[in-house]
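With chain L's structure known, arrange chain Y on it following the hints.
Heads up: the sequence lines are chains L and Y, in that order. Sequential numbering from 1 applies to the first sequence in our numbering. Sequential numbering from 218 applies to the second sequence in our numbering.
Hints in this document: simulated from the structure, not taken from any laboratory. Values in this document were obtained by computation on a predicted structure and should not be read as measured data. Built from N, CA and C at the ideal position, the CB exists for glycine as well. Worth double-checking, as some hints may not be accurate.
[What the hints assert, rightly or not] Computed from the model, here is a short list of chain L residues facing chain Y with C-beta under 10 Å:
#, residue
1, L13
2, G30
3, D32
4, T35
5, P38
6, G40
7, R48
8, A70
[Stated by the list, open to error] Okay, derived cross-link-like pairs now, BS3-like style, lysine-lysine, Cα gap no bigger than 25 Å in a straight line:
#, chain 1, residue 1, chain 2, residue 2
9, Y, K596, L, K56
10, Y, K430, L, K71
11, Y, K529, L, K56
12, Y, K349, Y, K330
13, Y, K475, L, K56
What follows is the residue order along each chain.
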Amino acid sequence: MIVTTLKPLDEVLDFIASYSNPNSNILIVGCDGCTTPPRGLREARTLRQLLELGGKLRNTDFTFETTTTAKQCDAYLTASALKPQMDNVVAVLSLACGVGVNTVADIFPDVPVFPAQNTHFFGMEEREGAILEQMCAGCGDCILAETGGICPIARCTKGLLNGACGGSKEGKCELDPARDCAWNLIYDRLKIQGKLDLLKKFYPPKDYSLAGWRVTT
Amino acid sequence: MNEQVIEERVAVKLNDDFCSSCSICSSLCPFEAIKKEDETNKILLEIEKCQVCGLCYSTCPAKAIDTIYYDIGSLTSYLERAKQEYDSDTLVIMCKGSAPDFAGVGELFGVTKFIPLSVPCVGRIPEEIFLKALVMGIKEINILACDDDYCRFEKGSPIIERKILALNLLWGQLGYGTEVITLKRNTLKVKVDRDSCIACGNCVFYCPYDAAKLDSPGSVSFDLDACKGCGLCVAMCPALALELENWERDSISTLVSKLSSEMEQPKILVFRCQWAVFPSLDNGQLAPNIRLIDLPCAAGVEPFHILEAFQKGVDGILIAACAEDDCKLEKAGGKTEHLVERLRERLSQIGLQERLHLCTVAPRYPERFNRELEQFIKKIETIGLEESK
Chain L
1 MIVTTLKPLD
11 EVLDFIASYS
21 NPNSNILIVG
31 CDGCTTPPRG
41 LREARTLRQL
51 LELGGKLRNT
61 DFTFETTTTA
71 KQCDAYLTAS
81 ALKPQMDNVV
91 AVLSLACGVG
101 VNTVADIFPD
111 VPVFPAQNTH
121 FFGMEEREGA
131 ILEQMCAGCG
141 DCILAETGGI
151 CPIARCTKGL
161 LNGACGGSKE
171 GKCELDPARD
181 CAWNLIYDRL
191 KIQGKLDLLK
201 KFYPPKDYSL
211 AGWRVTT
Chain Y
218 MNEQVIEERV
228 AVKLNDDFCS
238 SCSICSSLCP
248 FEAIKKEDET
258 NKILLEIEKC
268 QVCGLCYSTC
278 PAKAIDTIYY
288 DIGSLTSYLE
298 RAKQEYDSDT
308 LVIMCKGSAP
318 DFAGVGELFG
328 VTKFIPLSVP
338 CVGRIPEEIF
348 LKALVMGIKE
358 INILACDDDY
368 CRFEKGSPII
378 ERKILALNLL
388 WGQLGYGTEV
398 ITLKRNTLKV
408 KVDRDSCIAC
418 GNCVFYCPYD
428 AAKLDSPGSV
438 SFDLDACKGC
448 GLCVAMCPAL
458 ALELENWERD
468 SISTLVSKLS
478 SEMEQPKILV
488 FRCQWAVFPS
498 LDNGQLAPNI
508 RLIDLPCAAG
518 VEPFHILEAF
528 QKGVDGILIA
538 ACAEDDCKLE
548 KAGGKTEHLV
558 ERLRERLSQI
568 GLQERLHLCT
578 VAPRYPERFN
588 RELEQFIKKI
598 ETIGLEESK
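Same shape as in the complex, but just chain L (with noise of 0.2 Å):
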């Protein structure tokens, strides 16, 4: 899942100020795509009220109108899903990650398109626990391969890529100890599939433009 959260809503507010109009609408677009943290049909009508209420506080009526897209990120669902709900509208604003607020706003340039999202990376979602948590740093070089399945560079607080660092405590991180420490957990795994000898492997500072910008489909 991209995890994504809500920006604050003073920051939207201050967003879509200039957007008021009576005849006109604000789009707010929600995204079904990577369904956790949602941000689909629900969300959208909740933000619509709060953004509504929020208004009100500032004495601006707004005129909302809400949908939701498939898989924001995708340009030719995103489009045909949205061109025929464009008319009237002054303002978009995208419930999905940053991903999908860039492609509305290609699709559609000669309308503002802001964010409701804070994205923030790549997570696993586990939801005994209701929680997200990075897992993976999309670098474009993967060495899970070698490090036990659990990626250093997303989940080592240092992003190291020859740990431990020697600030590993009880399995914690030292800078977070709500943290666990990702070279003590690669330690364990390699250990219990007795590959202890991976650790041994030094590697060279990584290259970090191998993540590259486009790939062909």
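Below, chain Y alone, put in the same frame as chain L:
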């Protein structure tokens, strides 16, 4: 130290003077709240375990148990009043947990005009009420109970079946016929809009009954025989693709608008778990500034319904949920707290957080609920009315 202990009023009480220690109550109590003390032969009620289902009250042969909810007196006066109001000689008693709207209930029994009596668990109705109904001139009694394996009070549904059997037999002997009382069972079901489904899997994860399945290539299907209509999936669906029969979102929106317009100030709207009964809300006379919307479970309270109510000028919203240990649904405990906390955090950004209050008082302590309600009203009066802002 001079400690003054004031006995708190509780919803169910055992009167030792009348108790014959017959143990019927303790054998029926679904929650093991009533026990016989071996040494003294005395029956003891542990109020902390009591879920106020009323089954003990309705079955005690010695009338040694008192309850403040749906007791014989209040049920009788309701029937007297309702018989005039609905002008019918057919009575329909329905469990809140399984009844569709009144029209739907009528359809189930094939009656159009009837006296409705909606209760949390039909098993709690004492035999006297059926007899009194007959004396009042009621000719036909229909009872809608929850499916046997989905009685939220576990034994209420089987108990009513036995009571009806006995009563019909008795009335047959008296010449009233053997089919005065008809029993039907029902379960509300989830309704799926497959076009809106985004295959997120929330319903599959949350359904306690394995009724939801995620089919490839990515749309959900429900086994309606397995669905118990608890509504948890509906509350957790981010795509608004699910509805629970009789609790459709649009009809709740309509109700929010209607109630908001008829309330006096300060307008207090209560969203309540239907299993959390309280005298101040259930005695049939709500204060003119208080209105009530029942939900299948408080975890099903829809944030946009709360916001809609604020938009319609409601000054304060109280959510009456059951405490986690008292939750009548599986897997729903604690969900309301989480939901309200999240919404309050967002409301704090627009200065409305104090107007939303979650109360998790159990029905066994009616005064505690009243105190919370009073305090909340006071707080709202201090903050000021929403409309004057």
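Consistency of the hints with the structure:
{"no.": "1", "hint": "L13", "result": "holds (9 Å)"}
{"no.": "2", "hint": "G30", "result": "holds (9 Å)"}
{"no.": "3", "hint": "D32", "result": "holds (4 Å)"}
{"no.": "4", "hint": "T35", "result": "holds (3 Å)"}
{"no.": "5", "hint": "P38", "result": "holds (3 Å)"}
{"no.": "6", "hint": "G40", "result": "holds (4 Å)"}
{"no.": "7", "hint": "R48", "result": "holds (8 Å)"}
{"no.": "8", "hint": "A70", "result": "holds (8 Å)"}
{"no.": "9", "hint": "Y:K596 <-> L:K56", "result": "holds (22 Å)"}
{"no.": "10", "hint": "Y:K430 <-> L:K71", "result": "holds (22 Å)"}
{"no.": "11", "hint": "Y:K529 <-> L:K56", "result": "holds (12 Å)"}
{"no.": "12", "hint": "Y:K349 <-> Y:K330", "result": "holds (20 Å)"}
{"no.": "13", "hint": "Y:K475 <-> L:K56", "result": "holds (22 Å)"}
When the structure is compared with the earlier hints, no violation turns up for any of them.
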